[in-house]
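Engineer: Work out the full structure, taking the sequences as your base and the hints as a guide.
Protein sequence lines, in the order shown, are assigned to chains A and B. FYI, the numbering for the first sequence is 1 to 169, going by the numbering used here. FYI, the numbering for the second sequence is 1 to 136, going by the numbering used here.
Hints in this document: simulated from the structure, not taken from any laboratory. None of the values given here were measured: they were computed from a predicted structure. Heads up, a few of these hints could be off.
Computed cross-link-like contacts, DSS-like style, restricted to lysine-lysine with a CA-CA straight-line distance of at most 27 Å [claimed, not checked]: (1) B:Lys89 with A:Lys61; (2) A:Lys103 with A:Lys47; (3) B:Lys118 with A:Lys97; (4) B:Lys118 with A:Lys82; (5) B:Lys125 with A:Lys75; (6) A:Lys97 with A:Lys82; (7) B:Lys125 with A:Lys97; (8) A:Lys71 with A:Lys103; (9) B:Lys89 with A:Lys71; (10) B:Lys125 with A:Lys82.
Beyond 12 Å from chain B on every Cβ pair, some chain A residues (computed) [unchecked claim]: (11) Met1; (12) Leu2; (13) Leu28; (14) Leu29; (15) Leu31; (16) Ala33; (17) Ile36; (18) Leu38; (19) Glu51; (20) Leu57; (21) Pro143.
In this text, a Cβ means the ideal position worked out from N, Cα and C, and glycines have one as well.
Residues per chain, in single letters:
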Amino acid sequence: MLRFGLVLAIVMALYWLSLSGYLANKMLLSLGAISILLVLGLCARMKILDEETVPYLHSFKTFSYFSWLFKQIVKANFQVVKAVLSPDLEISPTLVKIPSTPKSEIGKTMFGNSITLTPGTVSIEMDEDEILVHALLEEMSDPNDFTEMADRAGWSVGEIKTPKIEGEG
Amino acid sequence: MSVIFAAAEAGNTASQVDWSGLLPLIINGASITSIFAGLFFVLGGTLGVLRLPDFFTRLHAAGMTDTLGAELILLGLMIQAGPSQMTLKLLLVGLFLFMTSPTATHAIANAAYQAGLKPMLGNYKAPDPSDIGKET
Numbered sequence: 001m002l003r004f005g006l007v008l009a010i011v012m013a014l015y016w017l018s019l020s021g022y023l024a025n026k027m028l029l030s031l032g033a034i035s036i037l038l039v040l041g042l043c044a045r046m047k048i049l050d051e052e053t054v055p056y057l058h059s060f061k062t063f064s065y066f067s068w069l070f071k072q073i074v075k076a077n078f079q080v081v082k083a084v085l086s087p088d089l090e091i092s093p094t095l096v097k098i099p100s101t102p103k104s105e106i107g108k109t110m111f112g113n114s115i116t117l118t119p120g121t122v123s124i125e126m127d128e129d130e131i132l133v134h135a136l137l138e139e140m141s142d143p144n145d146f147t148e149m150a151d152r153a154g155w156s157v158g159e160i161k162t163p164k165i166e167g168e169g
Numbered sequence: 001m002s003v004i005f006a007a008a009e010a011g012n013t014a015s016q017v018d019w020s021g022l023l024p025l026i027i028n029g030a031s032i033t034s035i036f037a038g039l040f041f042v043l044g045g046t047l048g049v050l051r052l053p054d055f056f057t058r059l060h061a062a063g064m065t066d067t068l069g070a071e072l073i074l075l076g077l078m079i080q081a082g083p084s085q086m087t088l089k090l091l092l093v094g095l096f097l098f099m100t101s102p103t104a105t106h107a108i109a110n111a112a113y114q115a116g117l118k119p120m121l122g123n124y125k126a127p128d129p130s131d132i133g134k135e136t
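Structural biologist: What follows is the structure in structure tokens.
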């Protein structure tokens, strides 16, 4: 808990400094420090200083996952823009249930958000272990395509499982 | 471009060529390319919202403006801002868009689904313009 508090304080200090930009003004700096202490005190009283409030211990993994996700987003964007701008507008909307393998709540959130972030697929409803996904094109709705994303999303928030890295394509 | 040609004509030897105009040219070129690519995806998303047949398919087109459209425009602005505090702020804006836009999209989609709106399924093709207005 002390570790989470410390990490949260560092992250908030960096965030405050990057938004304020006044690095020499003593009054503004001390006001910033007071706000950080206030937030830390609130979090400690609410007893939410845990993995979920402070997911920054895995920042490196998260950002490397984002860079992988960004590649998928670019690919999907081209597919969707091609379908939308073609004169015939040939689409095949599909509903499909995808098993949601990440164990933790935050891993599931990451997975569901990644599906929605990729154009052409939107997560509509979440159950305990399944996500209902609406896909714009039928070829985007193959459940096997989602397993790699699910593995990587779980890995990015610190679940121990190493992702199967299939040939980059 | 004319800057370089003028510089090349003015100097007889390679050492006299003035390259000072080249860096701004590259920076502006990269940022303008990025912003225009972003605008292309925003335009694609807008046309998609207008052309697609039902609520759920329109969400996909709107998602396109949120992701590549907005991020490419932000990238273009970051290149313009150079290494400064503004770039850091733009980076944070991009990161927050990455987190919040799918949450909003999911909230809308989930609300529509809960309210009982049935998505249109199966193959769909845009009607031929000559058929529009005819009785079926």
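Engineer: Each of the hints needs a verdict: does it hold here or not?
Structural biologist: Here is how each hint holds up against the structure:
no.: 1; hint: B:Lys89 with A:Lys61; result: holds, 22 Å
no.: 2; hint: A:Lys103 with A:Lys47; result: holds, 22 Å
no.: 3; hint: B:Lys118 with A:Lys97; result: holds, 16 Å
no.: 4; hint: B:Lys118 with A:Lys82; result: holds, 26 Å
no.: 5; hint: B:Lys125 with A:Lys75; result: holds, 23 Å
no.: 6; hint: A:Lys97 with A:Lys82; result: holds, 25 Å
no.: 7; hint: B:Lys125 with A:Lys97; result: holds, 25 Å
no.: 8; hint: A:Lys71 with A:Lys103; result: holds, 25 Å
no.: 9; hint: B:Lys89 with A:Lys71; result: holds, 23 Å
no.: 10; hint: B:Lys125 with A:Lys82; result: holds, 14 Å
no.: 11; hint: Met1; result: holds, 25 Å
no.: 12; hint: Leu2; result: holds, 27 Å
no.: 13; hint: Leu28; result: holds, 14 Å
no.: 14; hint: Leu29; result: holds, 16 Å
no.: 15; hint: Leu31; result: holds, 18 Å
no.: 16; hint: Ala33; result: holds, 20 Å
no.: 17; hint: Ile36; result: holds, 17 Å
no.: 18; hint: Leu38; result: holds, 21 Å
no.: 19; hint: Glu51; result: holds, 17 Å
no.: 20; hint: Leu57; result: holds, 17 Å
no.: 21; hint: Pro143; result: holds, 17 Å
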